[in-house]
Every structure is written in C-alpha cells, then in structure tokens.
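S.K.: Okay, here's what each chain looks like letter by letter:
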Amino acid sequence: MNDHAFTFRGAPLVFRASGALFWPDEGLLCISDLHLGRSERYARRAGALLPPYEAQDTLTRLEADIEATGATTVICLGDSFDDDAAAHGLDDTIAIWLTRLMAGRRWIWIEGNHDPGPVELGGDHRAAVTHGPLTFRHIATPGAEGEVSGHYHPKARVGGRARPCLLRDAARLILPAYGTYTGGLRTHDPALAGLMQADAVAVLTGPRTIAIPMPR
Amino acid sequence: MSALPHIIDDWFSAKGWRPHEHQMEMLGRAADPATLLVAPTGGGKTLAGFLPTLVELTDRPRKGLHTLYISPLKALAADMRRNLTGPIEEMGLPIRVEDRSGDTTQTRKKAQRADPPEILLTTPESLALLLSYEDAPRMFAGLERVVVDELHALAESKRGDQLMLCLARLETLRPGLRRVGLSATVEDPPALSRFFMAGGCPVLTADPGPDPDISMLATTAPPPWSGGGAAYAIPDVLDEVRKHKTTLIFHNTRAQAEIFFHNLWLANDEGLPIGIHHGSLAREQRQKVEAAMVAGDLRAIVCTGTLDLGLDWGDVDLVVQVGAPKNVKRLVQRIGRANHRYNAPSKALLVPANRWEVIECRAALEAVIARDLDGDPRGPGPRDVLCQHILIVACSGPFDADDLYTEVTRAGGYATLIRTQFDEALDFVATGGYALRAYDRWQRLKQRPDGLWQLRDPRATQLIRMNIGTIQDTDTLKVRMRQNRKFLGEVEEGFAASLIPGDTFLMGGRIVRFESLKEMHVDVSNDRGRKPKIAVFAGSKFATSTQLSARILDLIHRRDLSALPGHTQDWIALQRAVSHLPEADRILVESFPHDGRAQTVIYGFAGRGAMQTLGLLLTRRMEDAGLGPLGFVATDYATLIWGLHPVEDPEFLFSRDGLVAGLEGWLSQNALMKRSFKAVANIAGLTPHNFPGKRASGRQATFSSDILYDTLKRYDPDHLLLDITREEAMRGLIDFGRIEEMLERTQGRVDHVVLDRVTPFAAPLFLEVGKVPVEGAGREALMEAEASRLMQEAGLE
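These protein sequences, in sequence, are chains A and B. Under numbering that gives the first Met the number 0, the residue at position 10 of the first sequence is numbered 9, and the numbers go up by one with no gaps. Under numbering that gives the first Met the number 0, the residue at position 360 of the second sequence is numbered 359, and the numbers go up by one with no gaps.
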C-alpha cells in the first residue's frame, strides 16, 4: 500500500515511497540522481561548509531499499556523483560503503551530465542500457518509447505540499532525484510538460506514495 | 562630597547650570572600584559618568588612555564625542576625545592604537577587536576608568556578555581599573550590578523624577478585531501631531512602522513634515532624518526600537506607542524619550492596534503608573560567546587555560561557570568537537610544550577578527531602484525570495514594485498604486511579559470595567455570557466546529513564544491520539488548533511529564532549533559570516548551518553547540520556562467548554497571520483524499 505498483510496457513495476523503482521479475532496482559529493562541490565553489554526511544519508536509504527488495541488479541512472572530480575525491568511508553495496550484484552506472567521465569504482559504465522492453538513460529523448530516465528532479504538489515524484505515461517514466539535498523542478515546467503525454500521472514520494494526475 | 575644580565649576556657573545631586555623588565615589548608577532618561547619566574623568584629568593632566566609554550604539559614541568636545574646548582642558567604531577609517584606527586619546568612545565589538591585538596590553596599560552606557540595554543581549568578558580581560591587563555602569530604570538593580561585576557592586539610584502623563488615545473609530497596523487611529494620531511640537511614534516592528507611515502620509493633507526611522533603512536616509530632527525640521518621526536608546532629540514633547507595549520596562524607557529633561513629566499616548491590545495597553498603563516594572531573571552567560572570547584571546597571544578560566569567572554572567564547561568550550575552539575532528578548518588551537595554548595557524587571526561580535543581522538584501541604482534599504532574504515580479511592497514609506533579484540586490521601480500588494515583511515579535499577562487576566475579571472603552467592555461581557473568562489559575479550553474543522482554543496567557511551543507540543500529542491536527496559530494569549476530529477530554494534553517528553522528542527536529543553532554556530566561530574579500550569502550560510545541525544531531548529539542551542531555545524562541510557569499556576485545573460556534475571544484568532501547518496523519489523509478526487475527475483510475 505504501508503494505504487503499475505495469509499464508489459513489465509489472513497483515505485517505492523512497523514490526507487523496482522490477521484481528481474530483481532490478533503479535510482536516479544520487548527487554524491555535492557537499564537496559546494565547498570548492562557494567556500560554504557542507560535511559529507549527506552522502551517508543517501547511502543509508539506498542500502535499506536494496535490503528490502533483495535486488540483484542496480542501475544508477546518472548524475550519481556531482562532478567528475567529486567521484575521484570521494570520502573513503563513502567509497568503501559503495563497494560493499556493489559486492555480489550487477551494478550499472549510467553517465549523467554531472558525471560524464568514467569513475574509479567498479561496475559497468554505460551511456544507456536496454533491458527487455525498457531502456534506461539519464536524459529523456523526445519520441522514445519504453524509456526510464531521471535528470529533471520532478516535484509535484498536492494538498499544499510539494514532494519529489515519479512521472509516468504509456511511453516513459521520469524518476525523482534520490539524493539527499537535491532541488526539484515543478511538473508545470515546459521541459517536463512537453515530454509527458496528457494523461500522465505523478506519483509523489513521502511516508506513502500518492498518485495524482500530473499537474500542468 | 568632593568639590569640582574651579575651571569646571566656573564653566557650570557661566552656563547657569548646577550639577545634579547624583552627579556630585558619583564624583564622591570616584575612587570606588565599581558603581552602578540608575537614573531615568534625561537624568544626566552620561555627565555623571564622565565628571570624575574630567576632574582627574584637570587636576592631574597626563597623556595616554585614561577613560574608555562604551555604548551600544555607534551613533551614541559619535554623539558623545561632540557633546564632550564642546565643553572641553570651552574650558580649555588638555583632553583629547575620540570615537572608534566600525565606521572609523583604517588610518584613524591605526593612529589610535599607536597614540590613544585620553578618552576613547567605542562599542563592545570595537573593544573586543582592540583586545584581539598583540599590543592590547600596551594600549590599556594606563587605563583608569571604564564607563559603560545603557547597561540595561546591553544586559539584554549577548553583546553585554561579550562586553563583560572584555572588562574581565581589561582588568587582567590593568589591575585596579575602576568601572561605572549607567542604566535606565530597571526592575532589579542589584541583579544588574551582579551582571556588571561578579559578586555585585554598590548601586546609586537617582531621583526617578515626576510621574509620566500617560493615557490611551481616544479614537473616533474602535480598533479592529485583529492585526497590528492601527490604521483606524491615523486621523487621531495626526491630530495629536498637530497639537504638539515634536512627536515620536513608536512601533514594535519595522513592517508596522512602514505601513503606518504610508497611511499617515495618505492622510496628511496639510503636509506636516513627518519622517521615518528604522533599522532596515539605508544609513544615509536614517542620518538625514536624524539631522532634520535635531534641526527641529520634523513634526513627527515614525520609528521602531532604533530610537529606544541614547541620542538626545531635544524637543520631543509627545511619545505615541502604537500596538501593545508587551513589556512595561521598554514602555517606560520609550516614554522617557519625551521631554528629555530632568524633572519634567513625559507625555505619552498608547494606541492599541486591536481589541486584545486595548486590554493590554490599559494593563500596561496601570503598571507604569504603579512603577511596577517587569523583567525575567538573567540566565548564566552564554557559552557561544565564551567560545568566541577564547578565540579573541588566542588572537592576542598564547594563553594559560587556568589563568583564562579564573579571568572569565570574574565576568558577572560567568561567575558560576564550572571548570568542565570551560574545558568543553576550549576543546571545541581547539578541535571543533568529535564529529568535526577531521576538518582542518576547525582545528584552531594547539597546546605548546610549555602548556600554553596558541593558534595553530597565525593567519587565522584575520578571519577571527572579521567575525568578532554577537549581533545577528538577519540575512538581508539591499533594495535599490532599477533606473538609478539608488539604495533604498534592506529586506530579509526570506521575504525577497517570496516575491514574484510585479509584487508591490512598502519601502521607506513608498510603494515599490519588485522587478528582479540580481546577485545581492533586489531591484525595484516606483509604483503608482495606493495599496501595496504584499503588506508585511518580517520583524521581531516580542512576547507579552509574565507580569503584564497577569495584569491582563486580573483586569478582565474586575467587576468595574469602566477603565476600558465601551466596545471592549461589551466584548468581555459577551465572552463571559457565551463561554468563560480565562482565569490565572486555570487553563480554559474551548472546542467548537468552524470552517469544516474541529477547532480547539487554549487560553494560556504565557506569551507568544510559549503559546507557539504549546501549539507544537499539543498538536503532537493530538497526532498520537489520532485526532488528525492540521495546523495551529498562536498569540500572546491563546493557541488555536484545527484538525479532523474534536478533542473530547483535553486534560490529558496538559500533563507536565507528557509535555516534557514531547519536547525532548520534538526539540531536535524543529526549525526554530535550526535558527537558534545558526546564531550559536556563528557566534562560536563554527560558521564565520564574513570572509576576506567576500561575504557568504545568507542562503549559503543558512544552508550550511542547517546541514551542520543535522549532521551533529545525528553523529554527535552531545556536541557543545547543540547543548548551547538547546539551552538557548528553551529560554528564547521556545520559551519552555513560560509553559512551566503556566502549568505551575494552573496545577492541572482545566476547564473545557464545548460550543457549537466561535466564541468572542476566539474570533480574532481566525484572523491572525502566521498559521503553522502540522505534517502528520491528518495532512496525509487530506492529501490522499485530494489525490483520489483528482484521479477520479481525470478518469485515470
């Protein structure tokens, strides 16, 4: 009940209230826009003081999702690291934690616009990956079918509250940002409104998922 | 009694003046180590403080710093220089007087350190900065006297604590230093003297002068039910301005001052010269108003707390207080601004802005006449200020921890500081604390082999010096005209962020239109409209004091209500008939349906901060009880809570243990705590605000302090700064002490009145701004209901 179950291109999927997408038949967990290392980037650019604990928070939630689903494949849908340098300069505890999560399962890093280069961690590094009827890539391509993407950090409002949300229609899914302390883009934005069909549904994250017609 | 030297005595005679009795008395006590002088506004306090210095320097002229004068206002120090230089020149005394503040030029500041004047006039922050230099011992070696002006005002904030630590430092540098504190009338002078000097000092109280001539302004229209503008009283206030030479019109917040000023001008048909003065206005604009005031060119000034202190305005013959005074002591000090002359009664008018304030104004007026001042006892010195002090001491050179501890406990607020607490502060300054130990930037002190502590990196002094002080300016953005880039004033960043292009608001009494937010500027253009779209930007909100709340409760229960206007008498009578009148020793709870929600009103009279906290704690308990609370709003008197289900039996809500347990759980995840933490982190030097070459933007600073808060809360919950934050929040924003006071006086006696509609006392609550939403099961249920309605409408499921 807390999760939102639906069928997409014939695949039965579950959108979890945490913001992760799970495909039970394939044991596949997909999350987008972790933005690990954001604090480092802020620290370098603005001199502001952000400790790396936001990465720990993100990874704690991810670990919980992996445990709860028993996922055997994890796809990180891009912008996993805030920029290339951040991936190299990642805190040791974070790198070890990631390695531990990656152990024993297939792990695919999709390139995003914030982390275009290869990173010094294990796993596959791909621009996009196709799995059965679904294609996973970072930024949505107009006209694509069966596509799962991230990048926009969609957010929607209901009952006076705005929360990160999944956008879904018959042709595509756009995942919310999974990382702690990421901003968001309202679904009214032309960038999102233009991509999604008229009957698109927004599924809000939070204590439980809440589905509404995508606000435009 | 000592005699004045001829040269000074002659000068007094030539002017046709005679020193006041307490001024001569201060001269008699000139050799005492410490004296606190309590005198009403206009009592010649400052001269009383300086007279011994003038006498000593006349009798035994010498070079070098003799007297340090410290005032909370830069403007006051500058004004004092003018006031002293005149007489000193007329008497031909060989005394140099200079002021020093953030506005003093670098060249001048350097010269002052190399060759200090005999009398230096400065602020607590400038003194702290002087003490951070290696040459401080040399500069203060010959110092004889310190005069602290407006001590009562300094004692109300951390600036006072910092100053007391600095005085303790000065005393180490110059044993035998004498100090004099000057204060307006306060409720507990011995307590103030213990703040001024550990162990207290003799208090000299001057004749308080005649009773003020104070009354409520009779208005043609009754005040509205809610709100704070007092626009209804504009014609009557204008009438009073016309009848007097110069009127000061005080407001509690900047926003209210702006709105009132705007409305005053709309009604000012004969074009009486009226100005506005508050802390958000551009400095040049404030100075222009001040100059016009001194020159006698203005008939009235609409102002806020910025004019509470100091500067002598000469011809003010009427003070108008708009809105409830909240605190009797401040009201008395404001009233003293009228007729700034000793032995003449001050004239003041109170203008309540709404019905509750009618009662509060009447209660305050009676307290003023009874000379019954209010005030809460001061807690121990805050430890974030201590952290900053340790940094300042480290800047001036290596120090011994034992010596510094002894020195610190000589400052009044820190007399009870135990060694462990000092060591915790030292450890934080040295390492940043457990969770932050990995960061170089917070590893600031190291202990040398000889046991002395010193800065790890001597280059850190620049950053530390740039961030000296305890004043927390809310993060503000400059407002300027788009066309000519003329600077109009400042607004809070949060307010600026809420604007969308085309919004209009008041700034400096005119309506401007928001155009864009560029870098650190809010660009606006003139707007020809007569009514601003957005009326309010945030200002400080004081809580009604405990004593004043008690007087209000007493007042509404009087058999004879004739002291109050007819409309207010009727309102109270109707409340008595329909429901109950709130009583001091019972908690009144009203429940009724309204607007499709179950409404609950709690009359606690514990002041705004505490009633707000009560709202948060009670909604939490109601959430646990499955009542689905959706939000609440609080005033000084009552808290209104609305939700899905009515409260059947409210008694369970008020058990002390339950409230305390709720507080513990809730404190840590509260936005108010983050606000407190931000100030604490700033003062303690964890998150510096100023950087060489640039200033961290408010949003960055908030962002990082919020994240640091979350981090420490999770990974180092016993961190010193969290401890300080909790302590402060309990006293300040959260004000749990007032909730305990309420529980103490009501002892679990709860009266529950269930009605079918809104009661007279509850009605104004529905018009209050500042409603707080509650995030819980009730909210989720509403969101889900709305979601399924939307889905159905769209035919999606």
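Any given hint could turn out to be false.
[As the list claims (entries may be wrong)] Here are the simulated EDC-like cross-link-like pairs (lysine to aspartate or glutamate), alpha carbons at most 20 angstroms apart as the crow flies:
1) B:K108 x B:D78
2) B:K673 x A:D2
3) B:K445 x B:D402
4) B:K477 x B:D102
5) B:K712 x A:D2
6) B:K244 x B:E186
Treat the hints as calculated values from the structure; they're not laboratory data. Computed from a prediction, not measured in an experiment: that's the story for all the values here.
S.K.: Now, for every hint given, state plainly whether the structure supports it.
M.R.: Status of the hints after comparison with the structure:
Of the supplied pair hints, the one linking B:K108 and B:D78 holds, its CA atoms being roughly 18 angstroms apart against a limit of 20 angstroms. Proposed proximity of B:K673 and A:D2 is contradicted: the alpha carbons are some 32 angstroms apart, above 20 angstroms. For a cut-off of 20 angstroms, the pair hint linking B:K445 to B:D402 stands: about 17 angstroms separates their Cα positions. Straight-line distance between C-alpha atoms of B:K477 and B:D102 comes to about 19 angstroms, which keeps the hinted pair within the 20 angstroms bound.
For a cut-off of 20 angstroms, the pair hint linking B:K712 to A:D2 is broken: about 30 angstroms separates their Cα positions. Between B:K244 and B:E186 the alpha-carbon distance is near 32 angstroms, which puts this suggested pair outside the 20 angstroms criterion.
The structure shown violates the earlier hints numbered 2, 5 and 6.
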